[in-house]
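J.: The chain contents come next:
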Amino acid sequence: MHELLEHYNYWIVVILMMMGLYIVIASSNLVKKLIGLSVFQVSVFILYITFGKVTEGSPPIITDNTDVYSNPLPHVLILTAIVVGVATTSVGLALIVRIQEAYGSIDEDEIHDMDDKDDFHIEKQV
Amino acid sequence: MIENLQLLIDVSLLAFLVLIVFASIKMTDLFVVTMLFGIFSFVSALLFLDLDAVDVAFTEAAVGAGFTTVLMLSALRLTQPYENVKHRHSVLALFIVILTGAALFYGIADFPDMGDPNAPVHQHVAPEYIQLTQQKIDIPNVVTAVLASFRGYDTFGETVVIFSAGVAVLLLLGMGQVKCKQEPEENLVLWVVVKPMIALILIFGLYVQFHGDFGAGGGFQAGVIFASGFILYSLVFGEMYARRVVPAAILPRLAALGVLIYGVTGLMSLLSNKPFLDYNALSSDPVSGQHLGILLVEAGVGLAVFSTILLIYYSFSGREVKHHA
Amino acid sequence: MMIIDWISDICLLLGGILTLTGAVGLLRLPDFFTRLHAASVTETLAAMLLIIGIILDTGFTLDSAKLMLLILIMIIANPTITHALCRAAANGGNTPEMETGNPLQSSSQTVSQSSQDKQVQTETEISGKEPK
Amino acid sequence: MIAAAIVALLITLALTLIRAFMGPSIYDRILAVNSFGTKTVLLIVVGGHALGWFSYIDIALMYALVNFVGTLAVMRFFEQYNPRGEQL
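Chains as they are written, first to last, in the numbering used here: chain Y, 3 to 128; chain H, 791 to 1115; chain V, 244 to 375; chain B, 2 to 89.
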């Protein structure tokens, strides 16, 4: 019981992470894959922020009231990671838009089928 | 009492997170999945707030819930908003996920307890940062001090990453053009309400930018908030007018200028024989030099983030829907 | 001091009850427009009551001024969203379902004459006549 | 009383979430998501006051603004994608 109560944040983090991974693997839609990746990302953020928390601590903003502060280092890492995360997501989405325009589909399986057909035609011509 | 409340909020927020993701696994309408992802970010930001990470909560709410939602919606406009359920590899995925999950659960057992002040993370660098911030930089917000001064190199790298992401999106999608048929319908109530709201958002953005030394906030958050003001204008009044206010052509230059401000601040200290990004060189008094350096660097970050975010939005929303023949 | 505490408690309690009733309405009512109606109660009155309860508890500081600003934003923004959503739903072919036909059609002549209202009414009329 | 308000808000959030999952039309979902956002703002204000979170009011302001922008964006893009009718 002690283990469960002391670690519940970590448990949920792993569950969320696995759900994100499940979306990435199971779904063949590229946009949904990106959403799964973002879920995975947020679960890692929660993991880091949970590490940084100190019981009875206050946010790392210096005041006269307290001496115990939570760890500022994970906060800095995650703050920049969030902004970089959105930048990479936008590049991914731009790629997906171009794939849609080239293939008429954003479904991974359909795209693979089209690619296979193209290869087949090329071999025939050769 | 208070601890019970905190536990209650914490546990219910985590439960909400799991529920939201579970529901979005089952949904096939990607519009709905995107909206659910928006509230997922909201809830996770609330969780960060509960875990003492004020700045992170701020960023996650602005970036995750605000901008990512808008971005995914505008990408969905250009693609198909439905997922084909037939193409799912559920069994394979379940197998991999259960295997990985079991390994991770096994690993978790060795983690230090939550909130343990003697955990290894809290022993090494963090106490020095907190102490040095009080001595050398003298601003209350340790996160801003670490971000802009102690680890200024990293932040410079991240600003460059954001800038290059903007360039990549620009190369992939182009600046886009606006046609009149894309304009939103007339809605007088929205027009009247949104005008003062935009002013409020911009003022709030400035407040966040310059209040970052004392409380939650800073360049990253302020840039996103500022951009979302213009995004709101473009959503309600039409993108044609938004592009007259902030032309798309100046945005890449503004983004580059932001990165340049950051870099030049670093170079200034090289001129007086100090290491790169050592703000003590900026003024005769080291502490006020640090203050000046952090102000300049945050301004550069804010400008770069603002123009990159708005540029990415323009690229997506200005692109015409092309249907594959 | 005692009285202010009492008022603050009453505000918080009322706000809590109103949010709950609004949520139950959002969950239980039969169609979209009635749900919208239920949700709008919590988004204005309950929000106001809860925040006023907190303001009375904090006393008169900078924080309470910011909370006033928050009340202002919520009072303006949420009804606007509700209005825009209602309009979008009516344009999108979603008409209120009633047992006695559609009362919007019969009462539309008597309501105020401003151009904005007229436009909304004609739109609902059009969408009301469309086959289901 | 603050504890009661927090519990009421948490239950409200759960109920709103159920409506967002159930649908049935897309407008119901937008309504539920927007309502969820408003309730989180209230939870930040009430919970922040009770638990003494740092600068919670700034974050509540920000949530309110972001929620407004986000909901408008959802409606705008939905209208663009599905301009006339076509019940979902």
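Because the hints were derived from the structure by calculation, they are not lab data. Beta carbons are placed, not taken as given, at the ideal position from N, Cα and C, and that holds for glycine. Heads up, a few of these hints could be off.
As the list claims (entries may be wrong) - Calculated Cβ distances over 12 Å to all of chain Y for the following chain H residues:
{"#": "1", "residue": "T824"}
{"#": "2", "residue": "Q967"}
{"#": "3", "residue": "P986"}
{"#": "4", "residue": "P1037"}
{"#": "5", "residue": "L1047"}
{"#": "6", "residue": "P1065"}
{"#": "7", "residue": "F1066"}
{"#": "8", "residue": "D1068"}
{"#": "9", "residue": "F1106"}
Claimed, not checked - Residues from chain V shown here face chain H by an in silico Cβ test under 7 Å; the list is partial:
{"#": "10", "residue": "T287"}
{"#": "11", "residue": "G302"}
{"#": "12", "residue": "I319"}
{"#": "13", "residue": "T323"}
J.: Look at each hint and say if it fits the structure.
T.: Evaluation of the provided hints:
A beta-carbon of chain Y is positioned within 12 Å of the beta-carbon of T824/H; the least distance is around 7 Å. Q967/H, annotated as away from the interface, keeps every beta carbon of chain Y farther than 12 Å; the closest lies near 16 Å. For P986/H, the non-interface assignment is confirmed: its Cβ lies about 28 Å from the closest Cβ of chain Y, beyond the 12 Å cut-off. A cut-off of 12 Å between C-beta atoms confirms that P1037/H is not in contact with chain Y; the least separation is 20 Å.
Separation of L1047/H from chain Y is adequate, the least Cβ-Cβ distance of about 18 Å exceeding the 12 Å criterion. No Cβ of chain Y comes within 12 Å of the Cβ of P1065/H; the nearest lies about 20 Å off, and the non-interface call holds. Look at F1066/H: its CB is around 18 Å from the nearest CB on chain Y, clear of 12 Å, so calling it non-interface holds up. A cut-off of 12 Å between C-beta atoms confirms that D1068/H is not in contact with chain Y; the least separation is 18 Å.
Once the 12 Å rule is applied to beta carbons, F1106/H is inconsistent with being away from chain Y; the minimum gap is 7 Å. The criterion of a C-beta within 7 Å of any C-beta in chain H is not met by T287/V, whose closest approach is roughly 14 Å, and the hint is violated. Residue-level restraint check for G302/V is violated (minimum Cβ-Cβ distance to chain H is 20 Å; threshold 7 Å). For I319/V, the suggested interface contact is upheld, since its CB lies about 6 Å from the closest CB of chain H, less than 7 Å.
Checking T323/V against chain H by beta carbon gives a least distance of about 4 Å; that is within 7 Å, so the hint holds.
Violation of the numbered hints given earlier is confined to hints 1, 9, 10, 11; the remaining hints are satisfied by the structure.
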